[in-house]
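K.L.:
Here is what each chain is made of, one letter per residue.
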Amino acid sequence: MSGLTIFFVIYAYVAIAVFILGFLYRIWKFGKTPAPLKIDQTPAPTSDGGVVGRMILEVGVFKSLLKSNRIIWLFGYMFHIGLFLALLKHFRFFFAYGPGWIAYITTFEIYAGLIMLFGLIMLFVLRLVVDRTAFISVMNDYLLLILLAAIASSGLIIKHFSRTNLTTVKEFILGIVSFNPQEMPSEVMFIIHISLVFLLFIYFPFSKLMHSGGVFFSPTRNQVDNPRDRRWVNPWGKAPENIEIASNMTQDEG
Amino acid sequence: MAETADTAAEQEEVLTDQDIVTGAKEPSLKPADVKAPELTGDIQIPHLVKGAMAKSKCHAAKPETMEAMGFPGRLVDNWEEAAVKKLGELLTKYKSLQVYLDICVRCGSCTDKCQFFLGSKDPKNMPVARADLLRKVYKKYFTTEGKIFGSLAGAAKLDLELLGEWYTYFHQCSQCRRCSVFCPYGIDTAEISMAAREIMDSIGIGQKYVNTVLVKLHEIGNNLGMNPKALKATMESTEEDIQEEDGVAVKLPVDQVGAEVLLITPSADFFATPHIESLIGYAKVFHQAGISWTLSSTASEAGNFGMFIGSYEHMQKAAMRIRKAIEELKPKRLIVGECGHAWRIAYAFWNTMIGPLDNSLGLKLEYPRPQHICEYTLDLVERGAIKLDKSANDDVIPTFHDSCNVARATRMGDRPGGQFEIPRALINAACNRYVEMDSDTIKEKTFCCGGGGGLLSDEILDVRVQGAMPRMQAYHAIKEENGANFFALICAICKAQFTKVFPKYGIPMIEVGGIHQLVAKAIELGAKE
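Top line first, the protein sequences correspond to chains A and B.
Per the working numbering, the first sequence starts with residue 1, numbered consecutively.
Per the working numbering, the second sequence starts with residue 1001, numbered consecutively.
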């Protein structure tokens, strides 16, 4: 095994471990923190099924964002849907014999990558040129967009301009996931692409990217509007019987 | 010039940390000098004016008030450490805080949604920028990203300047949750500002208005400090007024054990104008429905400012008076008067904090517990149990301002959105000429009056007048278009706020009133068919 391969095998396992463990830790923390009160933002669904529907609309079509700002929605949605399709098509690297639907997905792969990249560039521009978002943005907001755009660009270059042998890529990835490491392809653009992806994996659980899991824990969106019908219990709240009442609490006054 | 410089230098010498944070030695705002923006009917997204509101600080609570609330009397010496410790504690108690500090991506969706930003142009009144004041500190002390990247990740040490910004800008948020409607993750700035205020109280810098009111509420039972004797006397004289005006013996009973209904209403209803007109409306409705009802002299406040300072303990303690009144007066039903944040606490929090509100307290299960007065009155109208003569309000062209807490944190009736439909249905039952304001300014998108969340204090009248701007533009537009001349409300704070800011915008304050003020005028008193 080459030094390059050894380095990337270690890098891959570290990145994947940090991503999975970090993500799970953050989700566990969201989950275990109690919600003392009903703070759903109304009008809210009055049933569990309704909440699922509300969540699907939020996650699937970014409903609140659409209500708010169609420009941010458009570019944000382009980026996310492009990313989603690009991820789907990457599944083919994880199967020795891919299921047929992946082949189908790969037919729009060029659009997926381009849509994602275009969305990212426009999000970057918006952040910079709108005085309100320029004011709130911090360096990491820009760096993250650059990182994602670099991943998308290097991926597009590999696919359409470079001579990377995708069979060796697949062998390398299958080797990683089956704990039987294979030689790392030495094509430069691929090395750049996968290095950035692993960097993203490592940064992910520490960053605002946790909105991906966190949105499901948002009390204003995930609570059922039924406080009059079903008593919501605060796990750390005192029972009414144990509350001290002011001294003049009596109905017969002098 | 030289003299002024000397005075400034002298002042600087004696400034304590507390003075710097709360702006205590700065010249006070003169309410008469506050000018309203021009009314055009349009709500424009302004360009940023950095620091525009930096000096608008509310008065700090006196040491004796803070101590009566169980807080340190003044800013503690180790405030940085103590504040960080308190934040750490709150992070383990509130999922909202933990999740919302973590998941904001600064997309900008909320940046043009806050009335205080739209009115003041100060970028730190953009919801995300306001929340970032706390998020910075969270990042610095609690996150790996903040510890490694520091300011690149937007992390910052809690220093005196930042604490001063907390004090300024977390008291320019009315916790109305308009931003949350438009956030892709539902991030609720109210939760963040409540946490920030709770932290500030815990290190000894509280807001005067809210804390003073809470001390009165805890000691006497209402925000005004009106004792039971005074309350009874006021209700008796109100009965006489109604008798004189309408010739009907409408009662306003206090402390009637065994009455069917216990009415919990904001204490402003007992004497303030136009609030009392709605109280008379409730009394006439109960009278005509022939139902026995009572007020409580010790639970004589629906409002509960404990929410504004984010204190679960104070909110629960204040609410306990109501549970105690239920136990002593043994009503079958619990009805809440016109008040926004009070309805939120009653609807969404009472059952948790002082419940279960069920037959174990003697309440009948077939009625909503608690029930909003609009739900109750509309039901009577629809069943024909009371009659409203719409023509009595023909001089009135009303529009309805959805109160933020009612619109976005509660419901009326059985269906989502009932909190929008029921008040409108009730106005339409009492009037012929209802008109609606611009659809981007009503229902879940309603603007706050500008005085909610504990901001109803005159030293920040500039904040309040600017915060009211979007609503005033929408009202101005409907006045121009349809001749609207009555601004119907179901919130004591909205009523007080608009009575104050309408004249600033050149609109007579007589146009402000409650829905039950319209009901009071339209209701047909006397023998039923």
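The hints are simulated quantities; they were obtained by calculation from the structure and are not laboratory data.
Be careful, since some hints might not be right.
Straight-line Cα separation of at most 20 Å, DMTMM-like style, residue types lysine to aspartate or glutamate; simulated pairs [stated by the list, open to error]:
| id | chain 1 | residue 1 | chain 2 | residue 2 |
| --- | --- | --- | --- | --- |
| 1 | A | K63 | B | E1145 |
| 2 | A | K63 | B | D1440 |
| 3 | B | K1332 | B | E1260 |
| 4 | B | K1030 | B | D1077 |
| 5 | B | K1364 | A | D229 |
| 6 | A | K29 | B | D1440 |
| 7 | B | K1330 | A | D131 |
| 8 | A | K238 | B | D1358 |
| 9 | A | K67 | B | E1260 |
| 10 | B | K1121 | A | D131 |
Because the structure is a prediction, the values reported are computed rather than measured.
K.L.:
Confirm or reject each hint.
P.N.:
Evaluation of the provided hints:
1. A hinted pair counts as satisfied when its Cα atoms are at most 20 Å apart, and K63 of chain A with E1145 of chain B does not qualify at roughly 29 Å.
2. Straight-line distance between C-alpha atoms of K63 of chain A and D1440 of chain B comes to about 16 Å, which keeps the hinted pair within the 20 Å bound.
3. A threshold of 20 Å between alpha carbons decides the hint, and for K1332 of chain B with E1260 of chain B the separation of about 5 Å falls inside it, so the pair holds.
4. Between K1030 of chain B and D1077 of chain B the CA atoms are separated by roughly 32 Å; this puts the pair beyond 20 Å, and the hint is violated.
5. A threshold of 20 Å between alpha carbons decides the hint, and for K1364 of chain B with D229 of chain A the separation of about 13 Å falls inside it, so the pair holds.
6. A C-alpha spacing of about 37 Å is found between K29 of chain A and D1440 of chain B, which places the hinted pair above 20 Å, so the restraint is violated.
7. Proximity of K1330 of chain B to D131 of chain A is assessed by CA-CA distance (about 58 Å); at most 20 Å being required, the pair is judged violated.
8. Note on K238 of chain A and D1358 of chain B: the hinted pairing holds, with a Cα-Cα distance of about 18 Å set against a maximum of 20 Å.
9. Between K67 of chain A and E1260 of chain B, the direct Cα distance comes to roughly 44 Å. Violation of the 20 Å bound is thereby established for this hinted pair.
10. Between K1121 of chain B and D131 of chain A, the direct Cα distance comes to roughly 12 Å. Compliance with the 20 Å bound is thereby established for this hinted pair.
Hints 1, 4, 6, 7, 9 from the list above are not met by this structure, while the remaining hints are.
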